[in-house]
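For reference, the chains in residue letters:
There are 2 protein chains.
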Amino acid sequence: MPDLKYDVLGIGNAIVDVIARTEDDFLVQQKMSKGGMALIDEPRAQSIYDAMGPAVEVSGGSAANTIVGVAGFGARAAFVGKVKDDELGRAFAHDIRAAGVAFDTAPSSDGPSTARCYVLVTPDGERTMNTFLGAAQDLHPADVDPGMVAASAITYLEGYLWDPPHAKEAFRKAATIAHDAGRTVALTLSDAFCVDRYRAEFLDLIRGGTVDLVFANERELHSLYETADFDTALKAIQADARLAVVTRSALGCVVIGKDEVVMVPAAPIEKVVDATGAGDLFAAGFLFGLARGRDHKTAAQLGAMAAAEVIQHMGARPEVSLKVLAQQSRLPL
Amino acid sequence: MPDLKYDVLGIGNAIVDVIARTEDDFLVQQKMSKGGMALIDEPRAQSIYDAMGPAVEVSGGSAANTIVGVAGFGARAAFVGKVKDDELGRAFAHDIRAAGVAFDTAPSSDGPSTARCYVLVTPDGERTMNTFLGAAQDLHPADVDPGMVAASAITYLEGYLWDPPHAKEAFRKAATIAHDAGRTVALTLSDAFCVDRYRAEFLDLIRGGTVDLVFANERELHSLYETADFDTALKAIQADARLAVVTRSALGCVVIGKDEVVMVPAAPIEKVVDATGAGDLFAAGFLFGLARGRDHKTAAQLGAMAAAEVIQHMGARPEVSLKVLAQQSRLPL
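Just so you know, the sequences run in chain order A and B.
Residue numbers for the first sequence follow our numbering, beginning at 22 and rising by one.
Residue numbers for the second sequence follow our numbering, beginning at 22 and rising by one.
If you are wondering where the hints come from, they were derived from the structure by calculation, not from laboratory data.
From a predicted model like this one, the values you see are computed outputs, not experimental measurements.
Where is the CB? At the ideal position from N, CA and C, for every residue including glycine.
Hints are not guaranteed to be accurate.
To be verified - Footprint (simulated), chain B over chain A, 3 or more residues, beta carbon under 8 Å:
1) 74-81
2) 223-237
3) 335-347
Claimed, not checked - Under the rule of at most 30 Å between Cα atoms (straight-line distance), these lysine-lysine pairs were calculated in the DSS-like manner:
4) B:344 <-> A:55
5) B:256 <-> B:55
6) A:344 <-> B:292
7) A:55 <-> A:256
8) B:256 <-> A:344
9) A:52 <-> B:344
10) A:292 <-> B:292
11) B:256 <-> A:292
12) B:279 <-> B:55
13) A:344 <-> B:344
14) A:55 <-> A:26
One chain only, chain A, in its complex shape (with noise of 0.2 Å):
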């Protein structure tokens, strides 16, 4: 086995989000379905950027927010993910690396513009996303480098890998060296829509033993089972998965293996200001505290941790020390 460089290795679509405060009123003229994420083309990108209000321009990205997370925790961090050589490409790399995460992968040069993210929040706090994935269909599995997903502990990915053309090849490439080398595989399912794009396949990935760990929220959770009553879901996932561990909102969270099931708490919050980035916050606090080999019920309250940080504030990256929050909290790193 390679010596370890990396506690995390995250594998996603490296986005931008543009973030505009605006009224429930926006999303039905509009029509977009309250809390999920869509895929767009560039004129409909547009068409929503000339209706949307003032926004703020900031690196996101699903599993490049939990990489981000996972850094800020202190731990080795890297990332893989196409940008193009623009504006935003630009930025999106130096937010990154500027978090302290490895960022090698070699933006394009021509082609679509760096994936953006229209991300409208309601004064609930709930998100609505639109992406244009752009550059990030570019995403190809010679941008997989096999030497760097060997020496990372848990190889995480997000379902989201799925809706660019070849980028579920890097996936499959990925989790086959990371097996080979010996490695956890983790995925994320992303969002109820994207499971129902991909139920099928998903299912394989995780009966099969491409992913050791599945990341789910409630809702992405019922749609992989396509039922409504939550301990059926429960019951499936625990029948298919390694480990899985499905998050509830303000209700916690659980974790579920053959042999266990834990239930933790959310973490205390003032108010919901901008619920971008709770379930990727989750992921960074709990593979984080898997990669330091703690157990199951501190790893998820580290995850809850992480996610009560990041939705006190717009955006879904941490703007304090995720560190010296757990230190404060008493956690252990």
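Mind docking chain B on chain A? Use the hints.
Chain B in isolation, oriented as in the chain A frame:
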């Protein structure tokens, strides 16, 4: 006199802010003057960006922030400033238009990229700015539409316009048109170092009646008259200016006319998160009040209210409706 179409027209550098939190040590290492604005070239911009932490991109520019604030109060507002037709330039144009401001300045299609200001926010909420003027340097007198100036009750200009090579001609052209149409011309001194660069010219503008109203903070006023004594400086500006407003951070402000001195306290706040835009938004409230025919005390209260809003969050543009805020504060609109 042509029909009134706008309450306030702003002319200034069109800039996108790149904002990051930092510690005081970073300012020392980078030899930055805390609280000031330094002009930087592109290599220096790159070197600061490489060294600074993860950032957020938000539309800025001093007069642009002011004009967005004026529109936020519900007034008719317009802006003239130069961006390039690039990603950040399109973001600037989107954001100011989405805020309800008329913005029609043609973007440059070649030459340097859209202006960026690297804003470092220290834990005390103070902001230190480094501006790469980029495309803002291409603002020419031809960009000033005489009809628009003549149709605006107040034309508001920033002292920073003295930095790009041709913008001061645009400034003088606008002032002449405004006065020929019987309108009011206002100027902010912008920054103590800016005053230091252009002291004699600024004094000429004020003494010669090119501007009717001057905004200055304490440091700028001291720089203008090269004195450390506030009362001396205050008497000097009273002698030189038709009307002046001097802001003093937590100490509130002083409105100085030939026959009046009005002191208005700062609005109460919980915590300074990011002082960026405090002066810009104060000017927004004052100009709005003036355009609505309010007395100077009320105008200053509107300014204090808007400044208090903007310093309690990151970024230099209001996050809530200033109109609603004024109603809640029982200030007249």
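Right, here's what the structure says about each hint:
By the rule of at least three residues with a Cβ nearer than 8 Å to a Cβ of chain B, the coverage given for the segment 74-81 of chain A holds, with 7 such residues. Requiring three or more residues with a Cβ within less than 8 Å of a Cβ of chain B, the coverage given for the segment 223-237 of chain A is violated, as only 0 such residues are present. Counting residues of the segment 335-347 of chain A whose beta carbon lies closer than 8 Å to any beta carbon of chain B gives 3, which meets the minimum of three for the stated coverage. Distance check on the hinted pair: residue 344 (chain B) and residue 55 (chain A) sit about 28 Å apart at the alpha-carbon level, within 30 Å; holds.
Restraint check for residue 256 (chain B) and residue 55 (chain B): satisfied, since their Cα atoms lie roughly 28 Å apart, inside the 30 Å limit. With a CA separation close to 24 Å, the supplied pair residue 344 (chain A) and residue 292 (chain B) stays within the 30 Å bound. A threshold of 30 Å between alpha carbons decides the hint, and for residue 55 (chain A) with residue 256 (chain A) the separation of about 28 Å falls inside it, so the pair holds. The hinted pair formed by residue 256 (chain B) and residue 344 (chain A) fails the criterion: a straight-line CA distance of about 53 Å is larger than 30 Å.
Between residue 52 (chain A) and residue 344 (chain B) the alpha-carbon distance is near 29 Å, which keeps this suggested pair within the 30 Å criterion. For the suggested pair residue 292 (chain A) and residue 292 (chain B), the alpha carbons sit about 18 Å apart, so the restraint of at most 30 Å is met. For the hint linking residue 256 (chain B) to residue 292 (chain A), the alpha-carbon distance of about 48 Å lies beyond 30 Å, and the restraint is violated. At most 30 Å may separate the alpha-carbon atoms for a hinted pair to count; residue 279 (chain B) and residue 55 (chain B) exceed this at roughly 34 Å.
Between residue 344 (chain A) and residue 344 (chain B) the alpha-carbon distance is near 41 Å, which puts this suggested pair outside the 30 Å criterion. For the hint pairing residue 55 (chain A) with residue 26 (chain A), the CA-to-CA distance comes to about 40 Å; that exceeds 30 Å, so the pair is violated.
Comparing the model with each numbered hint stated earlier shows that hints 2, 8, 11, 12, 13, 14 do not hold.
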